[in-house]
Amino acid sequence: MLWKTTLGMMAVTSMLAFAGPAAAEDKIKIGVSYPTPTHAWAAGMNWHAEQAEKRLEALHPDVDLILVNSSDPGAQASALEDLVSVHQIDALVVLPFESEPLTDPVLNVKKSGAWITVVDRGLSQPGIEDLYVAGNNPELGRVSAQYMKGRLKDGDNIVVLRGIPTVIDNERFDAFMAEIEGSGINVLDHKHANWNRDDGFEVMQDFLSRFPDIDAVWAQDDDIAIGVVAALKQAGRDGNGMFVVGGAGMKEIIKGIMDGDELIPVNVLYPPAMIATAMDATVNAVKSNGPVAGRYILGATLITRDNAESYYFPDSPF
Amino acid sequence: MTMMTASEDGEAKAAKRVAVDFKTLGPALALLLLCVIGYLLNPAFASEGNLTNLLTRSAFIGIIAVGATFVITAGGIDLSVGSMAAAISGVMIIVMNNAVETLGTGVPTVLLGCGLAILLGIGAGWINGALTTKGKIEAFIVTLGTMGIYRSLVTYFADGGTLSLNFDIRGTYRPVYYDSFLGLPFPVWVFIGVAICGWLLLNRTAFGRYCTAIGSNEAVAKYSAINVDRVKTLTYIIQGLCVSFATIIYVPRLGSASASTGVLWELEAIAAVIIGGTVLKGGYGRIGGTILGALILTTIGNILNFTDMISNYLNGTMQGLIIIVAVLLQRSDWKFGKTPKT
Chain A
49 MLWKTTLGMM AVTSMLAFAG PAAAEDKIKI GVSYPTPTHA WAAGMNWHAE QAEKRLEALH
109 PDVDLILVNS SDPGAQASAL EDLVSVHQID ALVVLPFESE PLTDPVLNVK KSGAWITVVD
169 RGLSQPGIED LYVAGNNPEL GRVSAQYMKG RLKDGDNIVV LRGIPTVIDN ERFDAFMAEI
229 EGSGINVLDH KHANWNRDDG FEVMQDFLSR FPDIDAVWAQ DDDIAIGVVA ALKQAGRDGN
289 GMFVVGGAGM KEIIKGIMDG DELIPVNVLY PPAMIATAMD ATVNAVKSNG PVAGRYILGA
349 TLITRDNAES YYFPDSPF
Chain B
5 MTMMTASEDG EAKAAKRVAV DFKTLGPALA LLLLCVIGYL LNPAFASEGN LTNLLTRSAF
65 IGIIAVGATF VITAGGIDLS VGSMAAAISG VMIIVMNNAV ETLGTGVPTV LLGCGLAILL
125 GIGAGWINGA LTTKGKIEAF IVTLGTMGIY RSLVTYFADG GTLSLNFDIR GTYRPVYYDS
185 FLGLPFPVWV FIGVAICGWL LLNRTAFGRY CTAIGSNEAV AKYSAINVDR VKTLTYIIQG
245 LCVSFATIIY VPRLGSASAS TGVLWELEAI AAVIIGGTVL KGGYGRIGGT ILGALILTTI
305 GNILNFTDMI SNYLNGTMQG LIIIVAVLLQ RSDWKFGKTP KT
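Going line by line, the protein sequences match chains A and B.
So the number in the numbering used here is just where the residue sits in the first sequence, counting from 1, plus 48.
So the number in the numbering used here is just where the residue sits in the second sequence, counting from 1, plus 4.
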């Protein structure tokens, strides 16, 4: 790793030495714009973006990745303008704060001739981006439901804790319910726990008081799952084959799966590392002879004890 | 001077009126009504487990709201309490994790964390108070500013993610939230202790009367030789101290702090205070009411989790409606008895 970096550095230095001032302008500049991390998932994304920057710049000395994070949609729109006017980027990787307010700013970047990669949150107008990289929300719900069907039998009871009322939450929930339907598994009730540990704890406490017989919990998200587990342990109902399915791929949860935790035996991936996927693909779009444009929808991989290790990033904040 | 006598007078009358006054009984009746509704919706509402959960859960907001009663009675407001709780939790966790090497994972480390929390709470409260009184900035602006500062500090400490307490310390500290004494969990005992101290301080000491006087009319209080700046600063320090207590029982629950810790606690605390009958513009405060207010707020959330009759999307509507109705019950003129002029 160190060798690679050193070699990369040497390559950069020698190139600069030979090419002189022209080299800086010949560099392929790729802007990467995303919201300022204010919660764990976004902090993980920030970390993976920084890792990908180091790795890609070492690999391709002529590629310069410029990472910018913005605290609100307006700031992100300005950041995009700066990327075009100041840095004259050749390509843009953008995770829009919100779809509507950023559609026009991204369109303007497109007009400057840059390649556009949109990550996770689509723009409100189709056809602007050259490449779309995203996780798969309905698939996350479906994969979770499939796992439930594999573990439970006809007549078993589950409860569902949902996220913040948004399109993302609806897509996950609807796909989950569609897959569960007809399996004989009863969904006793579903409540919003807002992708938050405290809410997960309180909603689960109330579910436990209300329903004497619960066989499994779909928490949809790892933060909620942590609250749910605390409530189960408090009530002493964490045994008897009870299990919780979360989602997203938080490192503590992945570690637990690696160690054979029975309460949270699996996880469904919705990885913040998708920003790195997008950066890789964008560099490929510039470098590779293979076509890259299109849609790149990541699978919602089921993480079990067998494959957990490859999704474990102990240094990431998420 | 007239304000002083008026408020003392009002207090004396209030003592006699307790048994009949609808204003005093309003929040209690509202809570009773909520409990009946909860029981009718699902008898499991009245199970011992659920009632214990309810009381324990309301301890956070309740303890903070006791502090807020002092601030509001003295005519101030503190919007920073939720962020303050998050920041204190964050610092506590970092310090305790770092103390493992020198102090081990036992009681000393936990005591260090708790002691630090109390110092931080007092310090943060003093900053709010000093900026309001010496800095002559409106409390709303001061605490809006510190709210943003504390919130972003915890985000920064956690590197945008979540701070987690060392697993072994969690084992030592866990009983503070989960264990019981005489059938009541420890957080409830802390809540009761804070409530009794708060009631004595507000109703049985000169300091409490000064708070009421300042909230009624600051200028008159000043001419009555009350050290207004000192009393007002003290109310913010009490508030900070209450936030420390709430944090000390919050951290062992999940052993983590993040940017989403304590979001909107300030508004819940203020709502609890107002539901309880304290006047938002100051001059009249009721600790007993505040406690009922905190219980009412927690009960609403609890009941909504016990039924699927109401769409999840309307939770906020139900909470808003019940808060407004609860306050309407005790404020409007159609009720029995005379209201003290405030």
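Among these hints, one or two may not hold up.
Pairs of lysine to any residue, SDA-like flavour, derived with a Cα cap of 25 Å [what the hints assert, rightly or not]: (1) A/281 - B/59; (2) A/281 - B/46; (3) A/303 - B/161; (4) A/239 - B/176; (5) A/303 - B/176; (6) A/299 - B/172; (7) A/239 - B/312; (8) A/102 - B/161; (9) A/281 - B/170; (10) A/239 - B/35.
Hints listed in this document are in silico derivations from the structure and should not be mistaken for laboratory results.
All figures in this text were calculated on a predicted structure; none of them were measured in a lab.
Quiz item: Are residue 303 of chain A and residue 176 of chain B close enough, with their CA atoms no more than 25 Å apart?
Solution: Roughly 23 Å between the alpha carbons, so the hint for residue 303 of chain A and residue 176 of chain B holds.
Quiz prompt | Holds or violated: residue 281 of chain A to residue 170 of chain B, with C-alpha atoms at most 25 Å apart | solution = 18 Å, holds
Quiz item: Hey, residue 239 of chain A versus residue 312 of chain B, does the alpha-carbon distance stay inside 25 Å?
Solution: Between residue 239 of chain A and residue 312 of chain B the Cα gap is close to 9 Å, so the pair holds against 25 Å.
Quiz prompt | Distance restraint between residue 281 of chain A and residue 46 of chain B, which requires alpha-carbon spacing of 25 Å or less | solution = 24 Å, holds
Quiz item: For the pair supplied as a hint, residue 239 of chain A and residue 176 of chain B, is the alpha-carbon distance within the 25 Å limit?
Solution: Distance ~32 Å between residue 239 of chain A and residue 176 of chain B Cα, so the pair is violated.
Quiz item: Within 25 Å, alpha carbon to alpha carbon, are residue 299 of chain A and residue 172 of chain B?
Solution: 19 Å, holds
Self-check item: Given hint residue 35 of chain B paired with residue 239 of chain A - CA-CA distance at most 25 Å
Solution: 23 Å, holds
Self-check item: 25 Å limit on alpha-carbon distance, applied to hinted pair residue 303 of chain A and residue 161 of chain B
Solution: Distance ~23 Å between residue 303 of chain A and residue 161 of chain B Cα, so the pair holds.
Quiz item: CA of residue 102 of chain A to CA of residue 161 of chain B, is that 25 Å or under?
Solution: Status holds; Cα separation ~24 Å.
Quiz prompt | Distance restraint between residue 281 of chain A and residue 59 of chain B, which requires alpha-carbon spacing of 25 Å or less | solution = Since the Cα atoms of residue 281 of chain A and residue 59 of chain B sit roughly 19 Å apart, the hinted pair holds (cutoff 25 Å).
Hint compliance for this structure: hint 4 alone is broken.
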